[in-house]
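Peer 1: Listed here are the chains, written in short residue letters.
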Amino acid sequence: MLPELGQLALILALLLAALQALLPLFGAQRGIDAWMRVARPAAFGQLLFVALAFGILMHAFVVHDFSVAYVARNYNSLLPIGYCIAAVWGAHEGSLLLWILILALWTGAVARFSKSLPLPVIARVLGVMGLVSVGFLLFTLLTSNPFARLLPMPPEGADLNPLLQDPGLIMHPPILYSGYVGTTVAFAFAIAALFDGKVDARWVRWSRPWTNVAWALLTIGIALGSWWAYYELGWGGWWFWDPVENASFMPWLACTALLHSQAVTEKRGSFRGWTLLLAIAAFSLSLLGTFLVRSGVITSVHSFAADPARGLFILVFLGIVIGGSLLLYALRAPRDDDGAPFAFASRETLILANNLLLTTACAMVLIGTLFPLFADAMKLGRYSVGPPYFGSMFFLLMAPLVLLLPFGPLTRWQKEQASLPIKLLLPWLIVALIGGGVAFVAMPNAPWKYAAGIAIGLWLAFGTLRFVRRRLAMTGQRFTAEMLGMTFAHVGVAVFFFGILLTEATSVEKDVAVVPGQQVEAGDYTFRFDGVQRATGPNYLSDRGSVSVSRGDRRIAVLHPEKRRYEAGGQIMTETAIDPALNRDLYVALGEPIDARGGWALRVYVKPWVRCIWLGALLMALGGFTTSLDRRFRRNAEVG
Amino acid sequence: MKRIVFALLMCCVVSLAFAMQPQPVAPNVYRNPAEETRFHALASSLRCVMCQNESLADSQAPIAHDLRREILELMRQGKSDAQIREFLVARYGEFVLYKPRIEPATWLLWFGPLALFVAGGVTVAFIVHRRAMRLDAQAQAPESPIESSEDW
Amino acid sequence: MLRRLLPLIIFVALGGLLFAGIQLSRHEDPGALPSPLIGKPAPAFALPELLAPDKIVRNSDLAGAPYVLNVWGSWCVNCQEEHPVITALAARGIVKVVGYNYHEVEPGDAPRWLAQFGNPYALILSDVDGRTALDWGIYGAPESFLVDARGIVRWKHVGPLTDEIIAHELMPLLPAKKVSP
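Protein chains in written order, with my numbering: chain W, 1 to 640; chain U, 1001 to 1152; chain G, 2001 to 2181.
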């Protein structure tokens, strides 16, 4: 009975979303207040019913209702109760419902925290968000109904994908989706502005805090995914340039460019067209990501949910939404980009360069991800594009960005004496180069990467702090939340690159066959393999290894890597064991048993500074959140 | 991230189907660190032909074990990296290379981003030039304060 | 105006590509690698026969008539599925069907499997360590090749064979006259 109510709730949500979209949008065009006022209540109503549907689905998992096909395919009674949460978004249908819920939440938030917005603006913004909701709800109801029944009801369900039976992966989809969906807000503001015909600083000021929060959530979501892949997949990798990962990285790059462009448009009135286009692009790339991972179009995304019919639906949806927006842009974008003029030496130029590099990087990732498809379709052959391509291209594009980054905050708008920021930063550039030089000489392996990591980290961190010092020294001038946010984010970039380059330069990996009692040396550490014992978990059997790690005479840790065999589906998973620290991770994974005498293949890694990668990302996200709190965004709308 | 999960699970399941019996899968033993480094670099730049988004270095599929063994042997026979790659491409196709070779079919891939960057750079230069001209035309004094009330 | 239409144009091109992608994924198995051996001579091999391990079979022994090389193993689940189709193909007598037993761990497994499911093969090559399979570009089972009378590889299929695939892809490549098995 309840699942049918869930389905009904979704239908009602769809109707409310349609109401939320159509009446306010038409009302704003015609100036009919009553229609525009429908937006907020409709938004709250939609949220109510979506939340209800989601709750019903979760309830179906909690009570093990295997008559619901989705529950039967993704859950069984052996699973620990906590995983019923992860199971809700463990596969296609449920994750779509999660997306819809998060979209409804964002819509509700916009409806709630928009008192200072004029009625036509909020009507259009909520209206556009409503259109997106309609699309997703239709898609769900027509092709991916989570409440479809499975009759006759099976006595037991299939296992939840063991890779998902993990706390890290419980958090990753909601946070990542929050970021993806957050780009809808910037998009809605952009479309609203295009409909309105007035594209000015005000609408950018309104959309900036929302964009910053969305970007921060997207950053955390991607970082979580990377961290999860690192400890779950067992080979010490944290980024594979896999199409799924690229699908999340592209909106992030576009959103980063958008953030910076919005700052220019808000403060100087310039680049309105670019800001609009980037807002459309960030959202479009989020939708494109949704398409890529659910349609089976990309070869490595070889999932069992691949379904051409679904892919077609999303493609049509994409066509309408993105095509429509870009058409609107072509017709209504500001005629003359006539913001304030600026000199070559100015922050405007630097931000233009920044955006050029970020959008080129985004385009590069898109080209690399879709090239195999392109080559296949044009009968050019079967190609594969992987980390060697993406890594080298990304490095090339980021190099100039890294060099220019500290100059931005120290360069004034419109016109700056080029010698001033150069004078302020040159000492720190020299410090960074010296640091790099020392590192180069000190390090026997991979000296270039090591030196680069040190130099880049020093340059970005000190360069950013130079601004802070200068600003704080200016008596009578405020140090705003926006500045603090920028500081966190740019220092975060420093930590991020430092972590990546140093870990790549200095990681040690040993893949060896060992017998109990045997030792493996890696870096300064000694890993002693103490054999493997059988153990039992709630829904799996495991071979639990024991590895003691010591450094010199000191015992550091005892690690327990496992090889688990899940009973319901028979899948075998590797559970790595990690001893984490900021300055190094000790990482151990079991391979296969070699022979009957207790010999096993063992993989041992020492990964210095790898945690800095995610720490850097967290700092960046903190920056985004901090900026969104700036007082400037809470100023009441100014006249004109 | 979800689909990398599924893809890798598929890989594990498929590997399982292909390897019902545990085969002796001892890791390679290297003669010296230089050999290990070279092997690792080479194997990381090649794609596992079965588990299609893992490198040959990381994949646990039986074919990956075989190929790794073969590559090590070819290395010891004195073949260069390029020759080893050619060996694999002749048998498995271009797909096995993670980094496509630069040839007319892949120009879009290798030069596309560059072309975009150049086009974008020209556009940026044009915009900056035009705005700077306009600024000069307004005959502003070089040290004049910022027009708007924004100070940062 | 063109500058403002540019994003839309790019998007339409992208949409076209993605649509082509969907159509492609309907028809082919995206995971199967096309073989670079098509049109080239079959790799030279010298493998023992599964059921008569003292006897070594070489390419030259198989020249003169086309044959289908079917890669299988007792560990391979899909091979069981495909087996009736192979048996039917062999029974038609149009082309010789040669088995290629791949990656078998225990010596007794393959003969036991054949005893259980039947042996349709004219002869069976045994490749335990997989070394020769690398030369063929084999990466799993089941896989099937067609090698013509002159020893040139004409066709490869990854995955289980079905009557449909045999009818649409294999039959057109075979000579019309019957060849004795």
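Rather than coming from a laboratory, the hints here were simulated on the basis of the structure. Each hint should be verified, as a subset may be incorrect.
Derived pair list, reagent style BS3-like, types lysine-lysine, alpha-carbon separation capped at 30 Å [what the hints assert, rightly or not]:
1. Lys423/W to Lys449/W
2. Lys2096/G to Lys1079/U
3. Lys379/W to Lys510/W
4. Lys2096/G to Lys2040/G
5. Lys449/W to Lys1079/U
6. Lys2096/G to Lys2055/G
7. Lys2055/G to Lys2040/G
8. Lys510/W to Lys449/W
9. Lys379/W to Lys2055/G
10. Lys1079/U to Lys198/W
Over 12 Å on every C-beta distance to chain W, these chain U residues come out as not near it, computed from the model [unchecked claim]:
11. Arg1047
12. Gly1078
13. Phe1087
To be clear about the criterion: a stretch of chain W counts as covered by chain G if any three or more of its residues have a C-beta under 8 Å from a C-beta of chain G, and this derived list gives those stretches [as the list claims (entries may be wrong)]:
14. 66–74
15. 439–447
Ideal Cβ placement from N, Cα and C applies to all residues, glycine included.
Peer 1: So, against the hints stated earlier in the document, which numbers end up violated here?
Peer 2: Hints 2, 3, 9, 10, 11, 14, 15 are the ones this structure does not satisfy, whereas the remaining hints hold.
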